[in-house]
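2 protein chains.
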Amino acid sequence: MQTLTVALEGRSYPIHIGPGLLARPDLIVGRLRQKKVALVTNSTVGPLYAAALRRALEEHGVTVMEIALPDGEQYKSWETLNGIFDALLENRSERGTTVIALGGGVVGDLAGFAAAVYQRGVPFIQVPTTLLAQVDSAVGGKTAVNHPLGKNMIGAFYQPVAVVADTDTLATLPRRELAAGIAEVVKYGIIQDAGFFDWLDANMDRLLNREAEALTYAIERSCAIKAAIVARDERETGDRALLNYGHTFGHAIETALGYGEWLHGEAVAAGMVLAARLSRQLDLIGAPEVKRITELLARAGLPTAAPDLGVERYLELMGHDKKVQGGRMRFILVKRLGEAFISAEVPRAALDAVLAHA
Amino acid sequence: MQTLTVALEGRSYPIHIGPGLLARPDLIVGRLRQKKVALVTNSTVGPLYAAALRRALEEHGVTVMEIALPDGEQYKSWETLNGIFDALLENRSERGTTVIALGGGVVGDLAGFAAAVYQRGVPFIQVPTTLLAQVDSAVGGKTAVNHPLGKNMIGAFYQPVAVVADTDTLATLPRRELAAGIAEVVKYGIIQDAGFFDWLDANMDRLLNREAEALTYAIERSCAIKAAIVARDERETGDRALLNYGHTFGHAIETALGYGEWLHGEAVAAGMVLAARLSRQLDLIGAPEVKRITELLARAGLPTAAPDLGVERYLELMGHDKKVQGGRMRFILVKRLGEAFISAEVPRAALDAVLAHA
Numbered sequence: 001m002q003t004l005t006v007a008l009e010g011r012s013y014p015i016h017i018g019p020g021l022l023a024r025p026d027l028i029v030g031r032l033r034q035k036k037v038a039l040v041t042n043s044t045v046g047p048l049y050a051a052a053l054r055r056a057l058e059e060h061g062v063t064v065m066e067i068a069l070p071d072g073e074q075y076k077s078w079e080t081l082n083g084i085f086d087a088l089l090e091n092r093s094e095r096g097t098t099v100i101a102l103g104g105g106v107v108g109d110l111a112g113f114a115a116a117v118y119q120r121g122v123p124f125i126q127v128p129t130t131l132l133a134q135v136d137s138a139v140g141g142k143t144a145v146n147h148p149l150g151k152n153m154i155g156a157f158y159q160p161v162a163v164v165a166d167t168d169t170l171a172t173l174p175r176r177e178l179a180a181g182i183a184e185v186v187k188y189g190i191i192q193d194a195g196f197f198d199w200l201d202a203n204m205d206r207l208l209n210r211e212a213e214a215l216t217y218a219i220e221r222s223c224a225i226k227a228a229i230v231a232r233d234e235r236e237t238g239d240r241a242l243l244n245y246g247h248t249f250g251h252a253i254e255t256a257l258g259y260g261e262w263l264h265g266e267a268v269a270a271g272m273v274l275a276a277r278l279s280r281q282l283d284l285i286g287a288p289e290v291k292r293i294t295e296l297l298a299r300a301g302l303p304t305a306a307p308d309l310g311v312e313r314y315l316e317l318m319g320h321d322k323k324v325q326g327g328r329m330r331f332i333l334v335k336r337l338g339e340a341f342i343s344a345e346v347p348r349a350a351l352d353a354v355l356a357h358a
Numbered sequence: 001m002q003t004l005t006v007a008l009e010g011r012s013y014p015i016h017i018g019p020g021l022l023a024r025p026d027l028i029v030g031r032l033r034q035k036k037v038a039l040v041t042n043s044t045v046g047p048l049y050a051a052a053l054r055r056a057l058e059e060h061g062v063t064v065m066e067i068a069l070p071d072g073e074q075y076k077s078w079e080t081l082n083g084i085f086d087a088l089l090e091n092r093s094e095r096g097t098t099v100i101a102l103g104g105g106v107v108g109d110l111a112g113f114a115a116a117v118y119q120r121g122v123p124f125i126q127v128p129t130t131l132l133a134q135v136d137s138a139v140g141g142k143t144a145v146n147h148p149l150g151k152n153m154i155g156a157f158y159q160p161v162a163v164v165a166d167t168d169t170l171a172t173l174p175r176r177e178l179a180a181g182i183a184e185v186v187k188y189g190i191i192q193d194a195g196f197f198d199w200l201d202a203n204m205d206r207l208l209n210r211e212a213e214a215l216t217y218a219i220e221r222s223c224a225i226k227a228a229i230v231a232r233d234e235r236e237t238g239d240r241a242l243l244n245y246g247h248t249f250g251h252a253i254e255t256a257l258g259y260g261e262w263l264h265g266e267a268v269a270a271g272m273v274l275a276a277r278l279s280r281q282l283d284l285i286g287a288p289e290v291k292r293i294t295e296l297l298a299r300a301g302l303p304t305a306a307p308d309l310g311v312e313r314y315l316e317l318m319g320h321d322k323k324v325q326g327g328r329m330r331f332i333l334v335k336r337l338g339e340a341f342i343s344a345e346v347p348r349a350a351l352d353a354v355l356a357h358a
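Residue numbers (the numbering used here), protein chains in the order written: chain A, 1 to 358; chain B, 1 to 358.
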């Protein structure tokens, strides 16, 4: 087991990464304020892992109430969130009762937001079971639900008290979801670490074959990069926006196609290719870099061609992006592999050129 | 104009109190991150004051979008909150757009919670127009909506960047709402300041006659007591719970009768009498203190007899209270006028005796 720390004054927390961690209830029990938890999971992950975790916690004298959500991004809604509140209230969940999210990004975002606002905030632990959640969504405290007009529009910055990532759970992950997680892993290479990008290039087959050592390294490296960025800019007033590379386009794709049609990681993959092309259009990078990014994502089985929504529709959807400031869209661009930056100076013509071929 | 400060490291903010402040847009404009605001008000307050505030802001070059909510505690709901999000998104409200709450406690709680979670948090200013909001709900950062199973169950601790309390707005306040605000003012005397309680006893008629000097003093004193408590316990891990004196009973009354049937301050008044009787039952105070509290509230025209819901129903409703810890109810009791404390040691028999006569 590897343990990283997200360093936030007074609210620092550990990220544990390794095999067999669902059988390590001590990692959770030591963080509880009272021996009572609400275990939030979904209809896919629950049958696979909830019973084991529940039993392990109960053996430590913890009372466990289970809340199972339907599976899919289309359920990351207000209505599902309200169902969590109903269950918490009916079970008389208190301010000291810890909410545990067992599942992927949707479960983590929903359960985390519920924990952030139930009784104005209760403790929260992330137990991510997808690659995407282990490398990205379970770390850093972003929680949210979607709104019909925009992805992740309603939410909170709310940090967990611990993250427990059991890499064994990746064995049951559908291939498509594995690839979606790899999209976010590739993102870290593109924005921050050219050496890691090279490593991914060399080891993509091992990741796709789910070799434990390769997966664990990719997760650790991803979490380390994210933890460092979050520690210096928790509330995204600056650098943290770099983590949104490809996401402005990606969110537009998700909203346009309907939540759940493309997986989040798939939309982000296509969005990262668009962002690379936009960087090329602005002469920041060359054609070879665009090609390397596109090909690495394609090798993972990810879509690299964005749906053709038309330029106007893309611009309309992106106008709702949380990074819009003073009516200006801001984009994350790359100046070379391993170095991204934020720009509010993207001319409309460059956008048109890139989106016209989407 | 008097200005107090809520001292919270890095997030301190001013409370301005005085006449004519709606004509002082500088108090607001100086706090804006961008010259764009969402002005949230309701169907009663809006027609009285929104146009003037809007014009004053627009003269300073501020773009104002207005969001009018229905008036009443029964609308402090999930559904109303969602309507605010729809309006913010349709108007392309950004992360730098400030939400301004112009109205009473319901508007402030709803708009504040919307600001806390829209795009994971946008700036927020309170412009309270009821006595209750000026002395209590607009100060301290508690925001929430109600749930059918419990009052204020979903919410956030989210501090405004400024509070602007124009005492002129109290001129149009219905008598019943004035009294509801006085209930919270009396609370500060009971829990913390016997001298202030004496002052209220001597000056109740002046408050009911809306004498500006008396109202301003009562608001300042109330805000000063609250600001000091919030500064030392923002998230209610200790002392802040004292501010809930009378509220455990009061919330039960509001939930049982249906939100909006009794005004919040009315339910709190009846709840404070119950809490005083409970303190008497436990031999903490004498009959004369109970009598003084009851009579002062009665003089304000407030209900001092709680509805007869039956002991079992009270206990059931109070079991959802946010102060419940480890299944134990906690109560705010008084040991003498001006000194309250938190107790988890209230025997069932004492509760029965008090509630049987409710």
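Check the hints yourself; a few may be wrong.
All copies of an identical chain are treated as equivalent in the list; a pair is satisfied when it fits inside any one copy or across any two copies.
[Claimed, not checked] Derived DSSO-like pairs (lysine-lysine); straight-line CA-CA distance at most 27 Å:
| # | residue 1 | residue 2 |
| --- | --- | --- |
| 1 | Lys323 | Lys335 |
| 2 | Lys335 | Lys291 |
| 3 | Lys335 | Lys35 |
These are computed hints drawn from the structure, not numbers from a lab.
Remember, it's a predicted structure, so these values are computed and weren't measured experimentally.
Hint by hint, here is what the structure shows:
no.: 1; hint: Lys323 to Lys335; in the structure: within (20 Å within a copy, 53 Å between copies)
no.: 2; hint: Lys335 to Lys291; in the structure: within (15 Å within a copy, 75 Å between copies)
no.: 3; hint: Lys335 to Lys35; in the structure: neither (50 Å within a copy, 33 Å between copies)
Of the numbered hints listed earlier, the single one contradicted by the structure is hint 3.
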